[in-house]
Amino acid sequence: MTWYETKGRDSDVFVSSRIRLARNLNDYPFEGRLDDASRREIINKVRSAFEGDGEYRFVDFSALPENERIAAAEEHKVSPEFARGTAARAAIESSDGAVSVMILEEDHVRIQSILPGKSLKEAYDRAASVDGKLDSKLNIAYDDKLGYLTHCPTNLGTGMRASVMMFLPGTVAAGGIRTLANQLSKIGLTVRGMSGEGSAADGCLFQISNQVTLGVTEEETISKLSDVTGKIAEQERAFRKKLAEKDGERLNDRVMRAYGTLMYATMIDTKELFSLYADVRLGVCLGLIEGIGTEKLDTILIRSMPAMLMRDHGGNMTPAERDHARAENVRRLLSGASRED
Amino acid sequence: MLCERCKKNEATVFYRESVNGKERSLSLCADCAEKARKKGELEDGFMKNGFFGGGFFDDPFADADKLFGSLFGVKSLPGAKTEKVKKCSLCGATFRDLMNEGKAGCPECYRTFAEEFAPTISRIHGTTSHVGGAPSAFRRNREQKEKIHTLEAELKSAVKEENYERAAQLRDELRSLRGESEAR
Ligand SMILES: [Zn+2]
Ligand SMILES: [Zn+2]
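In the order they appear, the protein sequences are chains F and V.
Per the working numbering, the first sequence starts with residue 60, numbered consecutively.
Per the working numbering, the second sequence starts with residue 41, numbered consecutively.
No incorrect hints appear here.
For each label pair, taking beta carbons as the anchor points, the in silico distance ranges come out as: (1) V:Glu186 <-> F:Gly289: 28 to 38 Å; (2) F:Lys330 <-> V:Gly166: 30 to 40 Å; (3) F:Gly289 <-> V:Leu214: 42 to 52 Å.
No lab work stands behind these hints, which were simulated from the structure alone.
A virtual CB, placed ideally from N, CA and C, is assigned to each residue, including glycine.
Using the sequences and the hints, build the whole thing.
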């Protein structure tokens, strides 16, 4: 079960919680200055740290077909940069899909853990346990003063990026995203839209992460991000309530129209899907639509991304073919939902 | 910046001088600078051969600090009289390379260019000191250092109080602890 298929804590606002740790090996140049032989060496060294542990599976990532690589980024198991690269790189995955170790992303090693809903602390514990495993077997680059030595100076110190994916349709409707972004930047946090736009076209999904990694402990970073996202969630719920009170009829109409489109449309492009997702997910959270959970909508969204569709289809498709397959996929997943009830 | 001579390699050696308020400079790659030096051009024939029309540098190495600088404000480069800009011993990068790439070349770069990196790091993070987690080996080391510190303080006060039995005991403990940390 991947994160999006499971209902997480406070899933009305919290979609997922993610931790990434950047680690590097001593005695090797950073990614970009490595020849193919050294890349192979690093991959084998990291792989050997997991040897004999049935919990983890090795994936020769660069040998995968392109659609499969991009699909892994679409389900947030690896970064888009990692998925696009063509030089030798590999990944190690936990059997429950929550942890993936990217070997030769920007850093030699990027440990990632992603869990559904509000679960930063748990995600950190998962990543830290893999970190401990690596550090007992490998010579990790570290400096008493600068902390973990990373390719980019922006990650020095803990080498940790904690982020929370939040669903904020109420804040978007109230026009509060820019203010939020300004406030966050003042306290060392950043907000990014799913596709960088920061609008309803992103499905009202926003990723909030720490900016600073040096001079703060892992615990401080996590507790700050938890506190702040908790406050954002409270505000978001207040905006939703106001929206429902002020213009409930129109909101209901909008939600049900989106729901109808999801159920009966025969062609849906990605952009439309994001906006339908946002409206229907909001309807589910407000109790306007019954019988489906937020995890169903998250699954529909992720599993309908372009490379995902092509991976499941087993080959490349034209945009029109994809829009058709997407609508079919959405219908199939939705009807699966009502059968369960 | 490309070498002015071969126009192929990155320039890593820079000559700069201000004459009558006019700033003039020459940027060469290590190879071309070396060649020029071997031919004796840089020593005396340099200007006569005419990079800048003669008479500019009478003795380019007379005052290395004044003539030799880098674009990133490295004040005086070690061994400037002979040749090269500082290079990382592991990956071979110069600090200029790193500034161009916006990233370090290898973990060792942070030690080689500690001074040069400091302002950038402090601009990004507002500090240059790590306070978070560490690999287990460093953690043990850190704990051990702290323990040695405490025992030393205790030993001092034991001696002061003329508690020699306790002092001897502490000394033994310290010896075995130090032995351990040296063995690492
Ligand atoms: Zn040259
Ligand atoms: Zn280096």
